[in-house]
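As you go down the protein sequences, you meet chains A and B in turn.
Residues in the first sequence are numbered from 1 upward in steps of one, following this note's numbering.
Residues in the second sequence are numbered from 1001 upward in steps of one, following this note's numbering.
Calculated directly from the structure, the hints in this document are not laboratory data.
Some hints could be false.
As a list, the in silico DSSO-like pairs of lysine-lysine whose alpha-carbon atoms are at most 30 Å apart [as the list claims (entries may be wrong)]:
id, chain 1, residue 1, chain 2, residue 2
1, A, 77, A, 214
2, A, 77, A, 97
3, B, 1041, B, 1062
4, A, 214, B, 1041
5, B, 1041, A, 97
6, A, 97, A, 214
7, A, 77, B, 1006
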Amino acid sequence: MSQTLQVDVWRGGADGHYQTFEVPHREHQTVLDVVTYIQRELDPSLSYRYACRVGMCGSCAMSVNGKARWTCRTHVKRVVEHGRLRLAPLDNLPRIKDLATDMAPFFDKIGQARGTFVPTRTRHDPFAAIAPDSPARASIDEAIECIGCGVCYASCDTVAWNPDYLGPAALNRAWTLMQDSRDAAHAERLLAVAGDAGCHACHTHMSCTERCPKQLSPTASIAGLKRLALGAALKGEL
Amino acid sequence: MSGLQKWRARGHVAYLAFVVHRVSGVLLALFIPLHLWTLGKALNRPQALDSFLVWSDQPLVKFAETGLVLMLALHLGCGLRLLMLELLAWRQWQQTLAALAAAGGVAAALLFALRLA
């Protein structure tokens, strides 16, 4: 293990450049530790985003040596190449400054995919009973664990090619709600995700599934939406 | 991000299957006009077709046909893989599907090449 790391960090907005920092290389060091060292010890003007540091909040994602990753759970020794790290803001999102992107398009698309739960009951009704082993509930066991980090969105070439494409996370969210028997907006949601920029735009590159730090498969959720849309179209409901 | 790192990020099995599916599809689409042009000779110029068929008996052309069979088999295999991914309840075996598509394609081409020999 070398004593120091050479870390190229993106500085500025869309027209920025890489600045190289020398950072002590330590055992069990995460990429977020490296960025935090730079900000605290070398250049306090460095902008980046994090909150929980334990893989729950999804705010520290950035591009590490060309791949989108959650930096708080990414150990340097797993990704360092010849003593060097190259850190950039997430792809497919507007760059605000340094390693911070504007996540608004990402969250807006969750809204466009009708990613909000629409209740069928009021607070005065008894709790809905969902059997944990029912097929619909079991089919979204993994998908509901999404933390909204944007890694899938940044890794998706279809998003890069078609900026209107809703993206893996928004479609994954839509799939979980389509399987929720308490939800009242199935028809509207299916219409929202079955358009040109919806599930059928997915080319099944599976980069989202490859990169998801929670090891979820948005591709499987998108395939589920495609099947629902096909079934609705065959019944003349879409 | 360097261009090389950007390409390496796409170096996983599912992305390679996507590329193979697309490239084989484009090559087959380029072949179809040639195929129809040749068949068209049978209607209007049978002698020209006969001489073309004699020309196509050359070993190099026959070998090129192996590549054509490979493209066709790969495109079929990758297409079946895609249908299975999208229509069946699957989870972790997509790499196996991609490997099966590739193996099926290469096996078909090899069988064709052996038949020529």
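Verification of the supplied hints:
The straight-line distance between the Cα atoms of residue 77(A) and residue 214(A) is roughly 20 Å, inside the 30 Å bound, and the hint therefore holds. With a C-alpha separation of about 27 Å, the suggested pairing of residue 77(A) with residue 97(A) holds against the 30 Å cut-off. A distance of roughly 20 Å separates the Cα atoms of residue 1041(B) and residue 1062(B); the hinted pair therefore holds under the 30 Å criterion. At most 30 Å may separate the alpha-carbon atoms for a hinted pair to count; residue 214(A) and residue 1041(B) exceed this at roughly 59 Å.
The hinted pair formed by residue 1041(B) and residue 97(A) fails the criterion: a straight-line CA distance of about 64 Å is larger than 30 Å. In summary, the hint linking residue 97(A) to residue 214(A) is supported, as the alpha carbons are separated by about 27 Å, within the 30 Å threshold. Restraint check for residue 77(A) and residue 1006(B): satisfied, since their Cα atoms lie roughly 20 Å apart, inside the 30 Å limit.
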